[in-house]
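Listed below are the residues making up each chain.
Number of protein chains: 4
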Amino acid sequence: MIVVMKPQASEESIQAVTEAIKSYGLETHVSQGRQITIIGVVGDKTKLANANLEIFENVQKIVPVTESYKLSNIVFHPEPSSLSVGNVTFGPDSMVIIAGPCAVETEEQLLRIAKAVKKSGANMLRGGAYKPRTSPYSFQGLEEDGLRYMKTAKEETGLSTICEVISPDAINAAVKYVDMIQIGARNMQNFFLLKEAGKSGLPVLLKRGLSATLEEWLNAAEYIMAEGNENIVLCERGIRTFETATRNTLDLSAVPALKSKTHLPVIVDPSHATGVRNYVLPLAKASIACGADGLMIEVHDNPAKALSDGPQSLTFSQFDELCRELAPYVNLTGRSFHGV
Amino acid sequence: MIVVMKPQASEESIQAVTEAIKSYGLETHVSQGRQITIIGVVGDKTKLANANLEIFENVQKIVPVTESYKLSNIVFHPEPSSLSVGNVTFGPDSMVIIAGPCAVETEEQLLRIAKAVKKSGANMLRGGAYKPRTSPYSFQGLEEDGLRYMKTAKEETGLSTICEVISPDAINAAVKYVDMIQIGARNMQNFFLLKEAGKSGLPVLLKRGLSATLEEWLNAAEYIMAEGNENIVLCERGIRTFETATRNTLDLSAVPALKSKTHLPVIVDPSHATGVRNYVLPLAKASIACGADGLMIEVHDNPAKALSDGPQSLTFSQFDELCRELAPYVNLTGRSFHGV
Amino acid sequence: MIVVMKPQASEESIQAVTEAIKSYGLETHVSQGRQITIIGVVGDKTKLANANLEIFENVQKIVPVTESYKLSNIVFHPEPSSLSVGNVTFGPDSMVIIAGPCAVETEEQLLRIAKAVKKSGANMLRGGAYKPRTSPYSFQGLEEDGLRYMKTAKEETGLSTICEVISPDAINAAVKYVDMIQIGARNMQNFFLLKEAGKSGLPVLLKRGLSATLEEWLNAAEYIMAEGNENIVLCERGIRTFETATRNTLDLSAVPALKSKTHLPVIVDPSHATGVRNYVLPLAKASIACGADGLMIEVHDNPAKALSDGPQSLTFSQFDELCRELAPYVNLTGRSFHGV
Amino acid sequence: MIVVMKPQASEESIQAVTEAIKSYGLETHVSQGRQITIIGVVGDKTKLANANLEIFENVQKIVPVTESYKLSNIVFHPEPSSLSVGNVTFGPDSMVIIAGPCAVETEEQLLRIAKAVKKSGANMLRGGAYKPRTSPYSFQGLEEDGLRYMKTAKEETGLSTICEVISPDAINAAVKYVDMIQIGARNMQNFFLLKEAGKSGLPVLLKRGLSATLEEWLNAAEYIMAEGNENIVLCERGIRTFETATRNTLDLSAVPALKSKTHLPVIVDPSHATGVRNYVLPLAKASIACGADGLMIEVHDNPAKALSDGPQSLTFSQFDELCRELAPYVNLTGRSFHGV
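Each protein sequence line maps, in turn, to chains H, A, Y and D.
Sequential numbering of the first sequence, starting at 1, is according to our numbering.
Sequential numbering of the second sequence, starting at 1, is according to our numbering.
Sequential numbering of the third sequence, starting at 1, is according to our numbering.
Sequential numbering of the fourth sequence, starting at 1, is according to our numbering.
Read the hints as simulated data drawn from the structure, not as lab findings.
The list makes no distinction among identical chains, and a pair is therefore deemed to hold if it is satisfied within one copy or across any two copies.
No more than 27 Å apart at the CA atoms, straight line, and that leaves these computed lysine-lysine pairs for DSS-like: (1) LYS151 x LYS118; (2) LYS70 x LYS305; (3) LYS305 x LYS22; (4) LYS61 x LYS261; (5) LYS154 x LYS119; (6) LYS61 x LYS47; (7) LYS305 x LYS6; (8) LYS61 x LYS22; (9) LYS261 x LYS199; (10) LYS47 x LYS305.
Using the sequences and the hints given, assemble the complete structure.
Dropping the structure here:
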């Protein structure tokens, strides 16, 4: 951490800062420029978390020089992590395709979709049982029944399964039925839920918040990891900008940027990001090309009748075509792909 | 709801849409332009929530013409609401000043601050017992102990009290100790927590999400109200933009815009919005001038030692000066003010 | 300027940076932390403008410690500037009300509006002769004829005048007819136009770009000032965010933030910022309350027939009421106000 | 265009709107819902450009149903355009690689870079002679000398050439020396410059504005096309968001979204978008994978000494590797590639 003083900073105000830092058991290194004095802090800066140096007289700004996240930081874990979920592995050698409906509607529907996506090449099944909807008057999900159908679908197809959770009760239920839980964008900074997910021990897919920075996202992962659960996959799903042609703005630069900051696997959800079915295939290809470790794709047997997010869902034949078209892109990356 | 068809839409595709709408028990009104055909939907559009008309062939877009929120909508409740919390009233005739520390640190500190802010003119005490912090390694709050100190502070000063809650457990505890609960920005779309807050029956201060639209915000209020709890105050606290000179961008246009959309009271938190102590007073004045029903201000007895958000906290003398300087602005609005 | 090295930085890579800095005639001050080494640069950092230290081996980041703008910087000019334009003064002691139509349409219309706004209390007349419109098929302005009508309006009412310019030709024409030129949001980083405006010697109202940071805005002012023209007023007009309830998001925190960074006067345009007539009055009051030195308000004799931006224009009686309602707020600031 | 009336709209206010519309020579189609009345407008809506229907009594909102851009609109030109520039073709069958330095520094440097990028596979040379820089104290470009060196580079290598222009003088000079001009992000809504570029007849590369919507961007293209110059290529270069890990947020969803709205070719500039050299290759692959018609890449012989944007520039060997790694991705798209 570096403290930058204002141009007119007096000797007294500089000394006040250095003494405050020393009172926390740290050392300082003062560097006097022609206009500006800067004070380097030597030692463990977490001791200064509550020092509020910003409000000392004549302090211009505080510049952090190390990141606040540790367990997820690539600096302390330079090799990319691999993570097994059921019979699927997230990591640098494979391409995971998660597919399924936005919301589980009936057992029959889910089985029909599970069989279809498996046949086309998906290796994991998604299906929402607890739906975080903007309006309380929209369909909220089948809850535990939905989870139960997911378990049946797994038994019938062998696909690993993932469901979003939105409460401690949902986590407790999910533990019984699915292989992986998802923390959605709206809950990325629901720190209570992150801790509960950490305690559950289940692998967690952590989606990026609607307007979360990469640093906040990695700190959210840190909440889960600090509970002893290191089984985390990050999922880019678009951020909020002024653009209205797509539901969100898919930030694919986040993929290489995350790869330079963390060892955790990173996947991409082009369906939620764009909200437009026709943009899913080109952006799925782009995700693979820029280094994503997997994809999450919405598929529905009858999008026109889907209870949630129909406009961005692919039909069975569209998903089948997607898998076929993605295969050569996956091959270029040298990853394994169950797709075709 | 209006369905706009693409220029080349065939008779069949138009009919497919009108028949789908009718299958949900609604009527249509087709309007044929020179280039474009539009289909108006007559009846209760909530029946169409899952119709996914967007993906019918040749549909260009769906235009909603009524808002999805109802209980909070000014259309169905044209008079501004008033809401009593302890001995304080939020509404068009009064100016509520909520003040206190970001986080409760010790009982003595809280009492000291409560007495000081009361003396200067605050009529409600804030103090965080459960702190949603970006990093798991930052101070997380005193939890139930903090709530207990809030109750003591209320008993000693007569100030009404408010605390943020971040979990069902926190709500259950808060019911025993404080007058009002706060749902913070990061939990604005934690729909599970909103429902729990609704069931608690306690008055709720609902802060705007980091990047929430007014419509999403009012829908979040709707989640609470749909549980039968109509005691809600909205709090603008800045939104996320590209600007880095302030922590967030305070959106004061949200005040008159909300007043045109909802009957719920609206207050402003200039402390969290800017993150800079010197900007709090001018923006507090501006908030009053543009129609806010109250303010939330951070005050600390020793900001340099605050465990959370010191840089934006006012000292006792700064808060006293703030109340004095605000008084004539409140007077211009014709509202009552316990301030001076 | 501070260079922060990566944790694993070798002696050689640190030395490579210090030698590069010294090769530009500057001195360094190396501070070795437990994990991190930082290198302070002593001397005139502009010499390093092209050193690209970011790409030296093991450099983590470069932290600027002084702003890049100088002539507009409050550090070098601690007193707020005052600026006379015709018979109006922008500065800390007065409140300037600029009013008029978005676009000049006819001479009669302009005269009618000029007389009305003067009577209500405006002291400066706005009116666009060159309109930057999103679509080439929208009304583009009367050009030099519009400027000529502005001059007539000035002669008949005594109001000082301001017009937007969008090209060197427009500047050359404006010099002959009006007291002040405006650089609009879309041209804030049209550096060629900024230089031409600087050379013209005319006072310049510089609007904030659609998504400009305060630092970029002050650097744009610097382009004008570097040509020897220090007669600049800044105008906040809203920034682009995800919110759609208002056309832009008025950033009133920019007013106190600018006052802490620059000596230039700052005014606010609530008409363009919101695009909604009913929000203009509350935000005009708020602008005054938070320290603005003036306001720019759109007024039209028949908003329903305005050729540009009718929805946000006030009628004569609305503008008259606005001036009456603003007067007590101006009085509280101790500024002079010709308004009422 | 559809006019949506407020729920309480009286017969009179509905009639006032329909009569206003008819007074412009258009027909209306009134559709009475249970709560809401909507008025469809039949005929050429451009006649209503100045009708300001928004401010009629009881009008809730105006919903446009057709886009304001025409010449660039895919509706009226369903086949993708092809555009020849020198010996290069932009269009659906080829992949154009534009490479070169951010700024032209010396003739020798430019020739060295031109030869290197040609050898690796570039088919067009970029090099800035007029640099729009945030600060007036940064290097502003060699101006006409820079253009002259571009011509020499073309003569020596056969590469087609492109230069950014920022003023009418720059356009007049560019016509003499280069094959294509570029309008940069900061000038995307410099409508005066767009018109001048249109009149020049030269092919134009139009970069997306810092925070421009796709609709504004296509309207900017429309300004050029309305002057009779249809030789336009669009270039996505990142938009401004809250994220700070990259300089801008590259919006790759803009590629398929534009392809659904316009027939103009679309290329991507990953160098300016990210500002980080290591992210250029993965995002270049992604751009190709999602349908881009070309790439613009910064290359410098000695990035550490570049006068502009060194940190994101590739070295010769990095660019050579990039071309090799891109080749198989281009092959998958079926486009021709001079790259390897």
